[in-house]
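A.B. asks: Each chain is listed here by its residues.
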Amino acid sequence: MKEIAPIFIRIGEYKDVLDTVNAIKLKLIEAKDALSQLSELKSEEDAEIENWKAELEEVERKMQFVDSALFEE
Amino acid sequence: MDFSKVTGFFKKKAEPAQMADAQPMDFDNLNIPELPDFDNSSFNNDASAMPDLPEIDDKGYLSDIETERARQKKSMPDLPHLPWFKPAGRQTETPKKMELPPLPEFSRPDRMETRSMHDLPELPDLPDFDSATGPRMVSQEKSSSLRGFIRPETKLVNSPASAAFRMPSNELPLLSRETSYTKKDKNEIFTSINDFSKILDSIKSTRSLARKMDSDLSVMVESEAKKEKCFGQMHRIMEDTQRKLMLIDRALFEGGG
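So the sequences go chain by chain: A and B. Just so you know, the first sequence maps onto residues 925 to 997 in our numbering. Just so you know, the second sequence maps onto residues -5 to 251 in our numbering.
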């Protein structure tokens, strides 16, 4: 098999590219932290919504009881 | 003679100081030698006594000048030989001619000596040629033996593209990770073309992912606005429900009490 010599390309401003890559990595870390906080808030909201749902059902049951006690006699 | 007339002739007035110093000359008693006698008989002769003027041809006087120069050139005496000029300011002396040793006698070798074919000794007979174990070409042996030296295999130990543009994982790599790269010069850094194409592909995919994340974020913002609206509506419903329950409570228990 014919061997192919590697071809190299000169990278200009390698230091700037490296700094930019590091800055993007820092931004990704911050975004990841923000996303985890959003996930926690979302789970808390889901729990609160479940509580609201249960409380609404409880209010509905009690209103049905009051309605039946007052008007069905 | 009045001296003031002489100065007036040159348009210059005699200054009184000069006039005071000047002594008046007595021109009548000047000691002037007598002039020699002048024979004016030649002026009274005929005009034929004058020498003939040279004739001018078509070229005009230029031909006369040329002929005169040629004549003077022929008639000019030879210049004497000047002594060797030696400038006063420069004390350089003409280098003396070096005496070189005599060259050895050159004897041309007799290269063109020809011999006839019959004078050469006879060559030995060639061995029989076997195709299976025949001799190989020397160039093939050289090329096979030099193959390892023509293109030495160069490998990047850990290219920056494969390390920096990996797919994102849960654990990001350390920022202070050392990357090895091919460094030819202090200011020039090279990467292989394969890694460079991977880098470009990774940048393109990252750009498309960033666009998609931006659109997802806008969707999330819209859903958050809808959620806030639902929360407000639910808050109003709860407040209405609370007011109605208080009304019922007041109607049932406070009216009866």
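There's no promise every hint is true.
On the chain B side, residues computed to face chain A include the following (Cβ under 7 Å) [to be verified]: (1) E182; (2) S186; (3) I187; (4) I193; (5) C224.
Since the hints were made in silico from the structure, they are not lab data. Every residue gets a Cβ at the ideal spot worked out from N, C-alpha and C, and that includes glycine.
A.B. asks: It remains to establish, for every hint, whether it holds in the given structure.
C.D. replies: Results for each hint:
{"no.": "1", "hint": "E182", "verdict": "holds (6 Å)"}
{"no.": "2", "hint": "S186", "verdict": "holds (5 Å)"}
{"no.": "3", "hint": "I187", "verdict": "holds (4 Å)"}
{"no.": "4", "hint": "I193", "verdict": "violated (9 Å)"}
{"no.": "5", "hint": "C224", "verdict": "violated (10 Å)"}
In this structure, the hints that do not hold are numbers 4, 5, in rising order.
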